[in-house]
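J.: So the chains spell out like this:
Protein chains: 2
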Amino acid sequence: MPSEQAAIVGAGQTRFGALREGPRAMLREAVDAAFASVDRGIDHREVEEAYLGTLGFNGWQIGNVSAVLAEEARLEGAPVTRVENACASAGFALRTGIQAIESGQRSAVLVVGLEKMTDAPSRRRRYWLGVSGDTEWERLAGLTFAGVYGLLASRHMHEFGTPREALAEVAVKNHAHALLNPKAQFRKAITREEVLSSPRVADPLGLLDCCPVTDGAAALLLTSASRARRYTDSPVLIVGSGAGSDSLAVQDRASLTSLAATRRAAEEAFRRSPWDRTQLSFAELHDCFTIAELLAIEDLGLAPPGGAAAMTLAHETALGGRLPVNPDGGLKAKGHPIGATGASQAAEVFLQLRGQAEKRQVPAAARALTQNVGGSGASATVTLFEAS
Amino acid sequence: MPSEQAAIVGAGQTRFGALREGPRAMLREAVDAAFASVDRGIDHREVEEAYLGTLGFNGWQIGNVSAVLAEEARLEGAPVTRVENACASAGFALRTGIQAIESGQRSAVLVVGLEKMTDAPSRRRRYWLGVSGDTEWERLAGLTFAGVYGLLASRHMHEFGTPREALAEVAVKNHAHALLNPKAQFRKAITREEVLSSPRVADPLGLLDCCPVTDGAAALLLTSASRARRYTDSPVLIVGSGAGSDSLAVQDRASLTSLAATRRAAEEAFRRSPWDRTQLSFAELHDCFTIAELLAIEDLGLAPPGGAAAMTLAHETALGGRLPVNPDGGLKAKGHPIGATGASQAAEVFLQLRGQAEKRQVPAAARALTQNVGGSGASATVTLFEAS
Chain A
7 MPSEQAAIVG
17 AGQTRFGALR
27 EGPRAMLREA
37 VDAAFASVDR
47 GIDHREVEEA
57 YLGTLGFNGW
67 QIGNVSAVLA
77 EEARLEGAPV
87 TRVENACASA
97 GFALRTGIQA
107 IESGQRSAVL
117 VVGLEKMTDA
127 PSRRRRYWLG
137 VSGDTEWERL
147 AGLTFAGVYG
157 LLASRHMHEF
167 GTPREALAEV
177 AVKNHAHALL
187 NPKAQFRKAI
197 TREEVLSSPR
207 VADPLGLLDC
217 CPVTDGAAAL
227 LLTSASRARR
237 YTDSPVLIVG
247 SGAGSDSLAV
257 QDRASLTSLA
267 ATRRAAEEAF
277 RRSPWDRTQL
287 SFAELHDCFT
297 IAELLAIEDL
307 GLAPPGGAAA
317 MTLAHETALG
327 GRLPVNPDGG
337 LKAKGHPIGA
347 TGASQAAEVF
357 LQLRGQAEKR
367 QVPAAARALT
377 QNVGGSGASA
387 TVTLFEAS
Chain B
7 MPSEQAAIVG
17 AGQTRFGALR
27 EGPRAMLREA
37 VDAAFASVDR
47 GIDHREVEEA
57 YLGTLGFNGW
67 QIGNVSAVLA
77 EEARLEGAPV
87 TRVENACASA
97 GFALRTGIQA
107 IESGQRSAVL
117 VVGLEKMTDA
127 PSRRRRYWLG
137 VSGDTEWERL
147 AGLTFAGVYG
157 LLASRHMHEF
167 GTPREALAEV
177 AVKNHAHALL
187 NPKAQFRKAI
197 TREEVLSSPR
207 VADPLGLLDC
217 CPVTDGAAAL
227 LLTSASRARR
237 YTDSPVLIVG
247 SGAGSDSLAV
257 QDRASLTSLA
267 ATRRAAEEAF
277 RRSPWDRTQL
287 SFAELHDCFT
297 IAELLAIEDL
307 GLAPPGGAAA
317 MTLAHETALG
327 GRLPVNPDGG
337 LKAKGHPIGA
347 TGASQAAEVF
357 LQLRGQAEKR
367 QVPAAARALT
377 QNVGGSGASA
387 TVTLFEAS
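First to last, the sequence lines map onto chains A and B. When the letters of the first sequence are read in order and numbered with the numbering used here, they come out as residues 7 to 394. When the letters of the second sequence are read in order and numbered with the numbering used here, they come out as residues 7 to 394.
No wet-lab data here; the hints were simulated from the structure. All residues carry an ideal CB built from backbone N, CA and C; glycine is no exception. Careful, some of the hints might be misleading.
As the list claims (entries may be wrong) - Among chain B residues calculated to face chain A with C-beta under 8 Å, some are:
hint : residue
1    : Q67
2    : S113
3    : G250
What the hints assert, rightly or not - Chain A regions said to be covered by chain B (calculated; three or more residues, Cβ under 8 Å):
hint : region
4    : 265-279
5    : 378-392
To be verified - Simulated DEER-style distance windows between Cβ atoms:
hint : chain 1 : residue 1 : chain 2 : residue 2 : range
6    : A       : H321      : B       : G28       : 19 to 25 Å
7    : B       : L146      : A       : R277      : 45 to 51 Å
8    : B       : L213      : A       : R129      : 32 to 38 Å
9    : B       : G28       : A       : R46       : 49 to 55 Å
10   : B       : D258      : A       : R328      : 49 to 55 Å
11   : A       : R193      : B       : R132      : 41 to 47 Å
Taking the hints into account, I'd like the entire structure generated from these sequences.
T.: Dropping the structure here:
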């Protein structure tokens, strides 16, 4: 068993969208916001180590981005490790930060996620997104990311009779949530009809089933639970962390209607948790495409296989429902700056479990889960949080 | 204090040089060699997590390389995290693996380093190496990596009267060591005169003061110390691990004759160690340029500031000397596949501390240190090892 438990004592993020700022300024803004959110303050010199999740789109002309974070976070010699696991980069960076605390070697660390996507030429952007999936059997054969998720959606509809409307409802719900989130990229309500009639990207998925291209950064300050109350009366405790991997190419996987990496990550995270799936207040899930939210709900055991569609159509996953999913708008509407997403999910959890989520507050939120997926399911992390 | 100590029970690597194999085959070869080196064997399914250090040169058309390692190492669902900290990628990956064991969450992990450099077009290679240093104040102004180390060398010669011959002697010694290492890229003796007359790259450094462009992969199997003896009677114990960072641009640093990141990493690593600097049997240091080995010796406290040159000229750092440095040939002559170097250094330690280094064996080797530097000193890790 770990010698220490980890807790979040501060979190901050930039607005998500097409930002004018470059990566340096975005890092600084997110980190400064995280420091400013610590109720009784924390000195920069107390941070002993940092972890940066970023895919690092080619457009920046910056390598060794760990060193850039060390400078912008004014760490004065504390080491920084860059973690890159495609769209799950920050989820894995968070996991690494949690382990540093749990190892007893660190009592305060910074976890940051970053991506600047909108200023990359579209050809470069396609390349960097494309190589996060399989190259030999998928990308070079013309299968895009949307194409892969289109296959998963078709198979899910075939096996479980999942209605196309349930996919659309995921987008409608997440846009409605994002309307309440001042940091979200899309603050615009959409209708089920608009999703269904949006230009087809990869059958059955339309444009409004897909998450956007986004700039953004998010930062988390973690300390050991035993030290957390120096900084705040309401730290957010991390009670479980799990991760898993799967084949890169979907053709090599056991199932097309389930992501084994998510299942494995969830199993590990819940193994240590003091509470179970039935006690969750809400979840932040990796809805890069609408089908991905349904898969996540089922893989996490929040609905039986094939059961997520009915739950979604019955508005159980909407704010006000039994188990709100993506109260911040999710990847679909808050936006999906690849390497920042996993940290931004935890930043939302930090606000929700402290009752600071304003108009999108989940009532009596006490226990939360985040799920972050790399590639088309080649890796995943699941983290469990609890209000103190 | 950590609840567990980490130990290496297996290590393997590819030959270093211009390899015909692609990244997948290189990963497989290094990982298979590590598994094969475990005295009583270890099942692939016992490995609970893996960490991959790689800069990921652009030439591969592969992203999400963590997933590729999961496949090639046959991890069957165990998570893989890619760590990228420029030339210190594998040093930081090793550190992350050590913390996973020390946190008590993992009892067996795989740490791998990988780089395939020789097949990248030279323009792309220059870009990927260049961006590991500062872009705004150095690279775009025309300052190359060799240029930065040339400045450090000039300043060191100015402040301490370091003779040019001492730099040359580093290269001569490391080539002599590499002659004894069947995995080394350069198995060719060179003379001091050849180094001194080699084509000038960045004053005062000549071509033979610079490490080569190299393909290579290295893999380490770590378990908790308490579990290690299931697999071997002679695990190599990890008794200290430290890391540090510094400004990306050399102009922002406090000194040009010392790397603060190395000093900080060493201080942290020795804080926990049961023995001190005077008890080291040998060291594997990051000699990307000859001056870097002298800086490392001084920053690690193995010689006083300005004292490494005399030590080198007196052959104290050669095999047979008081404190052999880079018995495997170092980055200079074994080769420097960026993301693989930190893991390969530890693989050499594994052989040496088990008395398996054949012709280059350091007599009675019992305690060792590895130092891995990212960029031109923006980050560094130091790891301490002990024979069991």
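J.: Now look at each hint and say whether the structure bears it out.
T.: Going down the list of hints, with the structure as the test:
For Q67/B, the interface hint holds, the least distance from its beta-carbon to any beta-carbon of chain A being 5 Å, beneath 8 Å. Contact between S113/B and chain A, as hinted, is not supported at the beta carbon level, the nearest pair being about 12 Å apart and thus beyond 8 Å. Against a cut-off of 8 Å between C-beta atoms, the interface hint on G250/B holds, since the closest Cβ of chain A lies about 5 Å away. For the region 265-279 of chain A, the proposed coverage by chain B is satisfied: 4 residues have a C-beta within less than 8 Å of a C-beta in that chain, meeting the threshold of three.
With 5 residues bearing a CB less than 8 Å from a CB of chain B, the region 378-392 of chain A meets the requirement of three and the coverage assertion stands. Range check, H321/A to G28/B: about 50 Å between beta-carbon atoms, so the 19 to 25 Å window is missed. For the hinted restraint 45 to 51 Å between L146/B and R277/A, the CB-CB distance of approximately 50 Å keeps it satisfied. For L213/B paired with R129/A, a C-beta distance near 37 Å keeps the hint of 32 to 38 Å intact.
Between G28/B and R46/A the beta carbons are some 53 Å apart, a value that agrees with the proposed interval 49 to 55 Å. D258/B and R328/A have their C-beta atoms about 54 Å apart, which keeps the hinted 49 to 55 Å range intact. The hint said 41 to 47 Å for the Cβ distance between R193/A and R132/B, and at roughly 43 Å that hint holds.
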